[in-house]
Each structure stands twice: as structure tokens, then as C-alpha cells.
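**Student:** Make a model of the complete structure from these sequences and hints.
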Amino acid sequence: MTQTCPSNYPTKFEPAISSSETCPDYFRWIQQDLKVWQETGITRETLERAKPNAHFRIVIKSGRLYVDHYDKAYQTRDVFTIWGILQLLRMYPGQVPDLELLFLCHDRPGIWKKYFRKEDNATWPPPPLFHYCGHRDAYDIVFPDWSFWGWYVSLL
Numbered sequence: 003m004t005q006t007c008p009s010n011y012p013t014k015f016e017p018a019i020s021s022s023e024t025c026p027d028y029f030r031w032i033q034q035d036l037k038v039w040q041e042t043g044i045t046r047e048t049l050e051r052a053k054p055n056a057h058f059r060i061v062i063k064s065g066r067l068y069v070d071h072y073d074k075a076y077q078t079r080d081v082f083t084i085w086g087i088l089q090l091l092r093m094y095p096g097q098v099p100d101l102e103l104l105f106l107c108h109d110r111p112g113i114w115k116k117y118f119r120k121e122d123n124a125t126w127p128p129p130p131l132f133h134y135c136g137h138r139d140a141y142d143i144v145f146p147d148w149s150f151w152g153w154y155v156s157l158l
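Residue numbers (this note's numbering): 3 to 158.
Because the hints were derived from the structure by calculation, they are not lab data.
Heads up, simulated DSBU-like pairs for lysine-lysine below, C-alpha to C-alpha not over 30 Å straight-line:
hint : residue 1 : residue 2
1    : Lys-120   : Lys-53
2    : Lys-115   : Lys-74
3    : Lys-37    : Lys-115
4    : Lys-120   : Lys-37
5    : Lys-37    : Lys-116
6    : Lys-63    : Lys-74
7    : Lys-63    : Lys-53
8    : Lys-53    : Lys-74
9    : Lys-116   : Lys-53
10   : Lys-63    : Lys-37
Remember, predicted model here, so these are calculated numbers, not experimental data.
**Tutor:** Here you go:
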């Protein structure tokens with residue numbers, strides 16, 4: 003069975019109500035996940051230290067998405083994450099900034115706090131790695147797992 007997007011699928015997001023001047027309450031969790039890099043920022047060297055734990059890297063440059071796969075992801079987790087990001091680029095043209103993210107697709111965290119201590123300059127700051135699960139003892143950055151409902155609904 004072949005599935006395609008309908009021809010009348012919207013290409014731009016048109017909200018039914020105007021956006022608020024304040025961020026939704028759940029943004030505090032995003033800020034919490036990123037706080038560890040607030041003082042140091044994220045350098046190229048820090049980003050590259052996430053590569054051994056990553057399944058893939060995405061790069062967005064001038065509204066185009068580039069993907070580099072490092073390891074086979076569980077079922078189609080990588081496919082649905084990439085698909086979701088493509089939808090963001092399509093629905094918000096020119097509004098997604100240039101960026102580079104590395105993703106881990108396993109269920110268990112990859113950047114454990116016990117291995118990355120601020121007192122140890124050799125391991126600080128921890129590498130930024132996006133992941134579908136959070137844990138109080140890990141620095142993994144939580145990202146939505148769009149594949150959770152995707153396999154069944156999409157018949158993949």
C-alpha cells in the first residue's frame with residue numbers, strides 16, 4: 003500500500019488564534035534542559051563529543067535540511083524525527099534558524115551526569131545530545147518522539 007500526502011495539504015501554518023506574548027508553561031522544561039550550557043555556550047568541540055552516542059545529525063542551513071546517519075535507529079524513530087523537522091521547515095518557511103543537532107534513538111539516556119562534572123574541565127560542559135527520554139541523572143535534551151504514534155497510524 004502506497005501512501006502520499008493529500009494534494010491540498012497546507013504548506014503554511016495559519017493559527018486560529020493570535021499568538022501570546024508569553025511562552026507556554028512547558029517552556030520552563032526546555033530552559034531547564036538547556037541551562038547546563040548557559041555559562042559556556044555550545045562550541046563545535048562540545049557538539050562533536052556527542053557524535054559517538056548519536057544515531058544521526060541534522061543540519062538546517064538556509065531553510066534546507068541535511069542529515070548524516072551514524073548508526074541504525076530503532077525501527078523508524080529517525081525517520082519520524084526527520085519527517086517532523088521537515089514539516090516545521092515547510093510550515094514555517096524562513097522562520098527556523100540555522101542549527102545543528104545530534105540525536106540518540108535508544109530508550110536509555112546517553113549523557114550521564116556522573117561522567118560529566120563541572121569540576122573536571124576535561125569533560126565540561128557535557129555534549130548536547132537530543133533524546134526522546136529524560137532522566138534526572140542525565141544531561142540528554144528531551145525532544146518529542148513523533149514515532150510513538152507513527153508506526154501504527156502510518157502502517158509502517
